Amino acid sequence: MAKDEVNKGKAPKGEDGRKKDFEKKYKERVQRRKKREQKEMKRIHSIIEFPFKFLFKACLVLGLVFFIYKYFGQSADLPASLLNAFIVFSASYIGFGAIMMLVLFLVSAAKKEKLRESIRLEREQKRQDDLRRAEEEARLDSQLSSSYREQPVPAVTSGINTQPVSPGAAENDFITQSIMDEGLNAE
4 MAKDEVNKGK APKGEDGRKK DFEKKYKERV QRRKKREQKE MKRIHSIIEF
54 PFKFLFKACL VLGLVFFIYK YFGQSADLPA SLLNAFIVFS ASYIGFGAIM
104 MLVLFLVSAA KKEKLRESIR LEREQKRQDD LRRAEEEARL DSQLSSSYRE
154 QPVPAVTSGI NTQPVSPGAA ENDFITQSIM DEGLNAE
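Add 3 to a position in the sequence shown, counting from 1, and you land on the number used in the working numbering.
Take these hints with a grain of salt, some might be off.
Derived EDC-like pairs (lysine to aspartate or glutamate); straight-line CA-CA distance at most 20 Å [what the hints assert, rightly or not]:
1) Lys114 x Asp133
2) Lys114 x Glu125
3) Lys38 x Glu26
4) Lys37 x Glu26
5) Lys30 x Glu40
6) Lys115 x Asp132
FYI, nobody ran anything at the bench for these hints, they're computed from the structure. Here the structure is a predicted model, which is why all the values come from computation and not from measurement.
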């Protein structure tokens, strides 16, 4: 009994203990990640809903103020005051909502255009970098091939004649050229 109480607080030993510790830590990490994701989703959701909630509340206050003015200030009857307040609320909600949507649309269009421009500039920069790189490779290849042409490369491989190549010997020119091509491709 006393031994069980002592071992309760300790982690089990061996591979099983390590597996259990790892699984426990993994589950804790997953739970923390889920909590962070839920918190972030709530924040994003509240940011998205804020303009619409604000618009509704502002128009509701405007309608209530108009109702109070009509009913108490001008002593109009209740149904007429309610109808007028509803019309003011609806008109302001639709009007301000349309203005808000127009502003959001214009801001969105400007951001899209800016994004398209940045993508176009990135593509242009990449194309210029590729052209510059291709020119550099072509220059290096021409330097390398000219240095190979200037200096005869003795070919020491089995089965190939290593005698100096005379200007009229066609068989060794092909072999030498293929060896040089293999050397260039390997680099």
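Hints versus structure:
1. Lys114 x Asp133: With a Cα-Cα distance of about 28 Å, the restraint between Lys114 and Asp133 is violated, given a limit of 20 Å.
2. Lys114 x Glu125: Holds, at roughly 16 Å.
3. Lys38 x Glu26: The hint holds at about 18 Å.
4. Lys37 x Glu26: holds, 16 Å
5. Lys30 x Glu40: Measuring from Cα to Cα gives roughly 15 Å; hence the hint holds.
6. Lys115 x Asp132: Violated. Lys115 to Asp132 sits at ~25 Å, over the 20 Å cutoff.
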